[in-house]
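Chemist: Residue strings, one per chain:
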Amino acid sequence: MAMRRLHLLKFASSSALANPSTSTRTFANSAGQQFTTLNVDDKTGIATLTLNRPPANALNAASMSEIQRTIQDLEKSKCRGLILTSASDRIFSAGLDLKECYQADTASLKAIFCALQNLWHTLFATPLTTVALINGHAMAGGCLLAASSEYRIMLPNFKIGLNDTMAGLGVPMFVMDSYTNAVSSRRIAERDLTASRVYSSEEALQAGLVDEVATSKEQALEKAVALINSFEPRTLTARAKTKLLFRAEILKNFEKNSQHDLDIFLSTIQRPEVQAYLGKYLQSLKNRQSKQAKA
Amino acid sequence: MAMRRLHLLKFASSSALANPSTSTRTFANSAGQQFTTLNVDDKTGIATLTLNRPPANALNAASMSEIQRTIQDLEKSKCRGLILTSASDRIFSAGLDLKECYQADTASLKAIFCALQNLWHTLFATPLTTVALINGHAMAGGCLLAASSEYRIMLPNFKIGLNDTMAGLGVPMFVMDSYTNAVSSRRIAERDLTASRVYSSEEALQAGLVDEVATSKEQALEKAVALINSFEPRTLTARAKTKLLFRAEILKNFEKNSQHDLDIFLSTIQRPEVQAYLGKYLQSLKNRQSKQAKA
Amino acid sequence: MAMRRLHLLKFASSSALANPSTSTRTFANSAGQQFTTLNVDDKTGIATLTLNRPPANALNAASMSEIQRTIQDLEKSKCRGLILTSASDRIFSAGLDLKECYQADTASLKAIFCALQNLWHTLFATPLTTVALINGHAMAGGCLLAASSEYRIMLPNFKIGLNDTMAGLGVPMFVMDSYTNAVSSRRIAERDLTASRVYSSEEALQAGLVDEVATSKEQALEKAVALINSFEPRTLTARAKTKLLFRAEILKNFEKNSQHDLDIFLSTIQRPEVQAYLGKYLQSLKNRQSKQAKA
Numbered sequence: 108m109a110m111r112r113l114h115l116l117k118f119a120s121s122s123a124l125a126n127p128s129t130s131t132r133t134f135a136n137s138a139g140q141q142f143t144t145l146n147v148d149d150k151t152g153i154a155t156l157t158l159n160r161p162p163a164n165a166l167n168a169a170s171m172s173e174i175q176r177t178i179q180d181l182e183k184s185k186c187r188g189l190i191l192t193s194a195s196d197r198i199f200s201a202g203l204d205l206k207e208c209y210q211a212d213t214a215s216l217k218a219i220f221c222a223l224q225n226l227w228h229t230l231f232a233t234p235l236t237t238v239a240l241i242n243g244h245a246m247a248g249g250c251l252l253a254a255s256s257e258y259r260i261m262l263p264n265f266k267i268g269l270n271d272t273m274a275g276l277g278v279p280m281f282v283m284d285s286y287t288n289a290v291s292s293r294r295i296a297e298r299d300l301t302a303s304r305v306y307s308s309e310e311a312l313q314a315g316l317v318d319e320v321a322t323s324k325e326q327a328l329e330k331a332v333a334l335i336n337s338f339e340p341r342t343l344t345a346r347a348k349t350k351l352l353f354r355a356e357i358l359k360n361f362e363k364n365s366q367h368d369l370d371i372f373l374s375t376i377q378r379p380e381v382q383a384y385l386g387k388y389l390q391s392l393k394n395r396q397s398k399q400a401k402a
Numbered sequence: 108m109a110m111r112r113l114h115l116l117k118f119a120s121s122s123a124l125a126n127p128s129t130s131t132r133t134f135a136n137s138a139g140q141q142f143t144t145l146n147v148d149d150k151t152g153i154a155t156l157t158l159n160r161p162p163a164n165a166l167n168a169a170s171m172s173e174i175q176r177t178i179q180d181l182e183k184s185k186c187r188g189l190i191l192t193s194a195s196d197r198i199f200s201a202g203l204d205l206k207e208c209y210q211a212d213t214a215s216l217k218a219i220f221c222a223l224q225n226l227w228h229t230l231f232a233t234p235l236t237t238v239a240l241i242n243g244h245a246m247a248g249g250c251l252l253a254a255s256s257e258y259r260i261m262l263p264n265f266k267i268g269l270n271d272t273m274a275g276l277g278v279p280m281f282v283m284d285s286y287t288n289a290v291s292s293r294r295i296a297e298r299d300l301t302a303s304r305v306y307s308s309e310e311a312l313q314a315g316l317v318d319e320v321a322t323s324k325e326q327a328l329e330k331a332v333a334l335i336n337s338f339e340p341r342t343l344t345a346r347a348k349t350k351l352l353f354r355a356e357i358l359k360n361f362e363k364n365s366q367h368d369l370d371i372f373l374s375t376i377q378r379p380e381v382q383a384y385l386g387k388y389l390q391s392l393k394n395r396q397s398k399q400a401k402a
Numbered sequence: 108m109a110m111r112r113l114h115l116l117k118f119a120s121s122s123a124l125a126n127p128s129t130s131t132r133t134f135a136n137s138a139g140q141q142f143t144t145l146n147v148d149d150k151t152g153i154a155t156l157t158l159n160r161p162p163a164n165a166l167n168a169a170s171m172s173e174i175q176r177t178i179q180d181l182e183k184s185k186c187r188g189l190i191l192t193s194a195s196d197r198i199f200s201a202g203l204d205l206k207e208c209y210q211a212d213t214a215s216l217k218a219i220f221c222a223l224q225n226l227w228h229t230l231f232a233t234p235l236t237t238v239a240l241i242n243g244h245a246m247a248g249g250c251l252l253a254a255s256s257e258y259r260i261m262l263p264n265f266k267i268g269l270n271d272t273m274a275g276l277g278v279p280m281f282v283m284d285s286y287t288n289a290v291s292s293r294r295i296a297e298r299d300l301t302a303s304r305v306y307s308s309e310e311a312l313q314a315g316l317v318d319e320v321a322t323s324k325e326q327a328l329e330k331a332v333a334l335i336n337s338f339e340p341r342t343l344t345a346r347a348k349t350k351l352l353f354r355a356e357i358l359k360n361f362e363k364n365s366q367h368d369l370d371i372f373l374s375t376i377q378r379p380e381v382q383a384y385l386g387k388y389l390q391s392l393k394n395r396q397s398k399q400a401k402a
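Protein chains in written order, with this note's numbering: chain A, 108 to 402; chain B, 108 to 402; chain C, 108 to 402.
FYI, nobody ran anything at the bench for these hints, they're computed from the structure. Small disclaimer: the values here were computed from a predicted structure and weren't measured. Among the clues, some could well be false.
The list treats identical chains as interchangeable, and a pair is accepted whether it falls inside one copy or across any two copies.
DSSO-like cross-link-like pairs, simulated, lysine-lysine; straight-line CA separation at most 30 Å [what the hints assert, rightly or not]:
hint, residue 1, residue 2
1, Lys150, Lys183
2, Lys363, Lys348
3, Lys363, Lys401
4, Lys387, Lys150
5, Lys348, Lys266
6, Lys150, Lys266
7, Lys217, Lys398
8, Lys330, Lys217
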């Protein structure tokens, strides 16, 4: 199946899609603030949101708010489906921006975790049909974005997993629930979440964490578009209601636990041993990057 | 395994099984009102309830009430197991009677949905061991009857699925829960329910939606009887309690959501675009049937 | 992988691990009261708790309290992991001690069921990484101990299952939940629990009830130690929190239902027909044992 013609549309403010006449202007003025690229195919109503915060699409408060806002705008527009992918051909997303979690004050940590919660809620509950096109490693928060979508197509030879416990962090309830909703069984979810299990693309397919492994980004995109197009426009409202009702218990669970999840995150990430680990980890990352730059 | 001798017993009123001496009379007097046939094997205590409302075993308020009443009567009698099947060799059940949902007043729509809820509750919670012998297509409400039984044996080359969203209807909570309880994972349930996925018999086996595919109705019946017979009479009370407790959360969920489910059904089915779709669908069905009649 | 040197430590009182200087003494004084053997590897922090109540590791109030107390003591010590196994090379555990349930007064029955509930709660919620090394048949309560652990390694040619309904007993909610949490799907759980399904080791692997089948106890022990060792000490707190949160809903469910579960157990086990079955069963067991003794 050939890709249909794409109409390129970039925007950074929440008014962009609601008012197309200003969207180009907004794009020009605020390009420097953007962490994503948005393409909307006016013919199919399918939006492709490409994470673009090099080098690892690390999620900070600003980039998560931008993703969330974009989804909310797409919901208000005529869009019917959303494909989430990465501009990098190596990393889908490395998860939360740990640099912004290191030696940070409580207000900043709160901002980053609340941005994650808000983004998650919007993505998990959106009436849009959502497909994650995982064209690179998807760790922790990156894996969460994929698991919260409705369908996952991954390229080969990458890693995916919720490895939160590796950093000394417990897995929050809504993250657990999203992962459990995606994989083939509660058993797999419990085992993986307690073990910070990281899968290869092929293993992830076996565990049900991804639905397909495609041979190229182009093929993956075709599959994603075909899936979204397979639903008749006439049925989309009923489809969205069915999705929301299926996910209702998890969403209710989230509301109930969101303050508790935040408290746990704040108290854990500020522990000396967790901060020490983050410091060491960031240093090793820096060393690796400067080595790569010299090479 | 050979079928044991079946004692044929037909009845239409709730007093039939409780008072066998009147059952034959009732059968003679009210044969024209019946939508099902009931056979009870007095030796094994296994009842076979055959849906018999040609051409498609469409479920209207009256037929659903009859099925429900029959199950309740069987519970009061010495019966231990129930096999649910169809008199047609082509259709198990096409689901709700859409003719009765088209241009109907609110009271009639309410009656049909409440009859579905009541039948579902009785079937899902019955202490009887229940087996669906799916000897034809099982769509929407037909699939629900199968999914709410405890075991599903299907004949080859038929279709089964909860295709509610195709008619523009959201899937009610108790229907979701029954489907999720039957298939191999939440993941499969979410994907199928949002996609109105329809399986072939063979695909349904893979997805766990049916437990066995048999080569003939006779073989399927033998398997069903063997399964029900495999439970020692001494253990049936404990078995029924275990079944009820396993299903308790879904039943509680149903009680909590039943008014909401009804409201959603009423508001959705009365929408002009849904009624327009039903009108077209019923017309196409009529055309097809008159063509078949001429051929 | 070779087993590391084991430091043998036996104790029977709750003060044993907290105060190592008294542990040897306690062992000598109370050896006759013990139903288990405990080995702790000081180097790895892995404890091996061996059920040792011949011939079948039947669980009575005293032995269950002992197991529970031991786990609680290990939690307070520097231990990180627990391997649960049997001294018998034929039976892991036959479940509740039915001799103590036969013609027993209500107080004794209450004591045995509460001891089961308390042991289950401690085992299911323990921050220790738990592995069941199932080196023999694991029936009813024996299967529950395995299912409540985090990982199950079984030796070939044994039987495992929750066959409660065979004795005329319904399956309590927390037992259902533990089983459902272990096997591959709700579907499998409902089918097995209502059918008192008993698996061979190999079938249990297929159903997800056990995670591995090992060729020998030695190999199984190596696998168990390797699994527990695979978690970095730095991550154990986060791991334990993640485990507890994953199991939180089941634990909450338990609190809510524990009085009801007890009431149901008491009323059911005291029924004349259930007592009659127990009497016959115990007599047949006695006959078999005296035959074996003569042979």
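Chemist: Let me make sure I understand: some of the numbered hints might not hold for this structure. Which ones are they, in numerical order?
Modeler: The structure breaks hints 3, 6, 7 and 8; every other hint is satisfied.
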